[in-house]
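Participant: Once you've looked at the hints, go ahead and assemble the two chains, each given alone in its own frame, into the complex.
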Amino acid sequence: MIQAMTTSPLLGIVLCIATFLLGRWVQIKTRSPLANPLLISTALCIAVLCLFQIPYEDFSKGGDIINMMLGPVTAVLALGIYNQYAVLKQYFLPVLLGCTAGSLTSIFSVLGLCHLFGVDDAVTAAMMPKSCTTPIAVSIAESHGGLAAIAAACVMIAGLTGSLCAPLFARWFRIQDPVAQGLATGACSHALGTIKAREMGELQGAMSSIAIGVCGLISVVITIFL
Amino acid sequence: MKIIEQICVVFAICLAAEGISAILPFPFPASVLSMVLLFVLLATKVLHPDHIREKSEFLLDNMALFFVPACVSILKYKDALMQNLLPILLICIFTTPLVFLVTGHVVQLTMRLLQKKGGPRE
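Here the protein sequences line up with chains A and B, keeping their order.
Going by the working numbering, the first sequence opens with residue 165, and the numbers climb by one from there.
Going by the working numbering, the second sequence opens with residue 16, and the numbers climb by one from there.
Chain B on its own, in the form it takes in the complex (with noise of 0.2 angstroms):
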């Protein structure tokens, strides 16, 4: 499919996401609705991945691009990130190796479970 036909498939789902997102009574970001939406319209074959497939390789393959705007605004507020450098660096640091040791040994325990329970379907 052409590429302006992707592009007004994939920007035709953010908009109808943030329709249903302004309409949900609890806070549920559009962006993240279009993302179920997308897949649920793949999973059911609506979609083809042909259907969008240019149009989503390019934005994934330069997805860093999308956010250089949002981090040049820290300008804007490099006051409160001075005042957290510390803790906001600290924090992020060390919560991630907890994240991957709580995560690993879930899922290791997990697989072990559903081993003994006759093995995975694999």
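The following block holds chain A by itself, in its conformation from the complex (with noise of 0.2 angstroms):
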């Protein structure tokens, strides 16, 4: 019986779900950035594969239909971006060169730092989009030979980053306007980061929702020269 359960496609797609609504139940009680549901999900999925000894190979089975998903979910953040249109033909040019410039900074730094450590050619792939939104920065990773779970990992730590230090490295850098500071969240940290940006203020959320799509697009189109 427990073998059935555990072959059928079913148990990984329940296991994520389950844990994932379980993730964003502790983030909505405990209201910490830290609690995030990517995180508490990935981390209960890993300890129950552990203690009931299910191979990994059963779990993708589920865990594939819900990756299938990727596509779809990249494609909507366009909805995201339509929403803001005004906002973006208002600001296009301060949109266009802090989004290019933010995202040359990320992968490049991200490049000379990994040369400087002697990180490997799989794993520098993996983190050189770490400032774009996950579904991007897997295709990116993925497209240049890296591992799309160090990818994630990357991102998260620098959504997380972003998320909980926002509003630290206005100040810090003296960025005052608030178009800059949307901005620059979202250049760095994508969807973790506009949800600390919404909390300045109504700009700079939007400026930080339109910051993910153009980054993300931006480092797509800065990568296929690397």
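Keep in mind that the hints were calculated from the coordinates and are not lab data.
Bear in mind the structure is a predicted one, so any value in this text is a computation, not a measurement.
It is possible that part of the hints are untrue.
Claimed, not checked - Okay, derived cross-link-like pairs now, SDA-like style, lysine to any residue, Cα gap no bigger than 25 angstroms in a straight line:
1. 91/B - 175/A
2. 60/B - 26/B
3. 93/B - 337/A
4. 225/A - 95/B
5. 91/B - 285/A
6. 225/A - 212/A
7. 131/B - 225/A
8. 193/A - 75/B
9. 17/B - 232/A
Facilitator: Rendered as structure tokens:
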């Protein structure tokens, strides 16, 4: 009976959704950015797999089905940008220049530091898009021979850093302009940063969500040439 | 529009993007191409946000869920991760404020220059 259950693709699906819901419940209860549903869900899934000695291959039968949805998830980011179309047109030049500068900084600082620390190529390729939103980062990493899992982990570290520290960064670096604050938060910390940017103000939130899509797109273009 | 129709629209756009991505002479991720495609369709009013609203909101609200399998796959690569754990952590944490600094100042500078040139279009 147990084997019939573990070899069903439903196992992976149920495990992912159930642990994700639990993670979100913890996030709502604690209201801490560290209580990240993705982090909690991943840890619980790994714990369940190890505890019940379920092979990874059995989990991935269902996991692959959920994973297939990453394409559509990326596609609908377009709606987020479209909703901010008026603001995007108004601040087109600052958005374009800011996001280009931010994406270049992110990619080349990572490449330089990885070289310095002697990190191997597969991990470097996974870290390169760490300031992009997860679906775009995973696509970039995979097309350069990087591991999706490490890319997702790096995106989360960058996102949590920005989500926790964005207001602090703004004060340290004297970024007072709300448009600049929003774009900078979105450029370094994608969707997790946008949550914080919305707390800083409506314009900051809008600019941050624009930066997610624009920086993602610019990063893809930059990495084509690498 | 009914959810089932919205799912069909979004999936069809993604499928078209996969096809286009395969014939492009450079590596451009299909998922990002589908984002561009959807944005163009919305901007040119071929699609109305109502055509994809509920489906999009469902995906965006639960976005993190769809990354769980990719993150769990770290089980397969834990050796590669453990070997590079410290550099990965340091690099990700250090470069984040750097990106904030550069982006923020470039935007502030651009805004100031635009204002000097006769004010932003407000």
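Participant: All hints, please: hold or fail.
Facilitator: These are the hints, each one checked on the structure:
As the CA atoms of residue 91/B and residue 175/A are separated by approximately 18 angstroms, the hinted pair is consistent with the 25 angstroms bound. Taken as a hint, the residue 60/B and residue 26/B pair is honoured in the structure, with Cα atoms around 19 angstroms apart against an allowance of 25 angstroms. Pair hint residue 93/B plus residue 337/A does not hold up; C-alpha atoms about 36 angstroms apart against a cutoff of 25 angstroms. Restraint check for residue 225/A and residue 95/B: satisfied, since their Cα atoms lie roughly 23 angstroms apart, inside the 25 angstroms limit.
A threshold of 25 angstroms between alpha carbons decides the hint, and for residue 91/B with residue 285/A the separation of about 18 angstroms falls inside it, so the pair holds. Restraint check for residue 225/A and residue 212/A: satisfied, since their Cα atoms lie roughly 16 angstroms apart, inside the 25 angstroms limit. Distance check on the hinted pair: residue 131/B and residue 225/A sit about 59 angstroms apart at the alpha-carbon level, beyond 25 angstroms; violated. Between residue 193/A and residue 75/B, the direct Cα distance comes to roughly 21 angstroms. Compliance with the 25 angstroms bound is thereby established for this hinted pair.
Of the supplied pair hints, the one linking residue 17/B and residue 232/A holds, its CA atoms being roughly 22 angstroms apart against a limit of 25 angstroms.
When held up to the earlier numbered hints, the structure conflicts with 3, 7 and fits the remainder.
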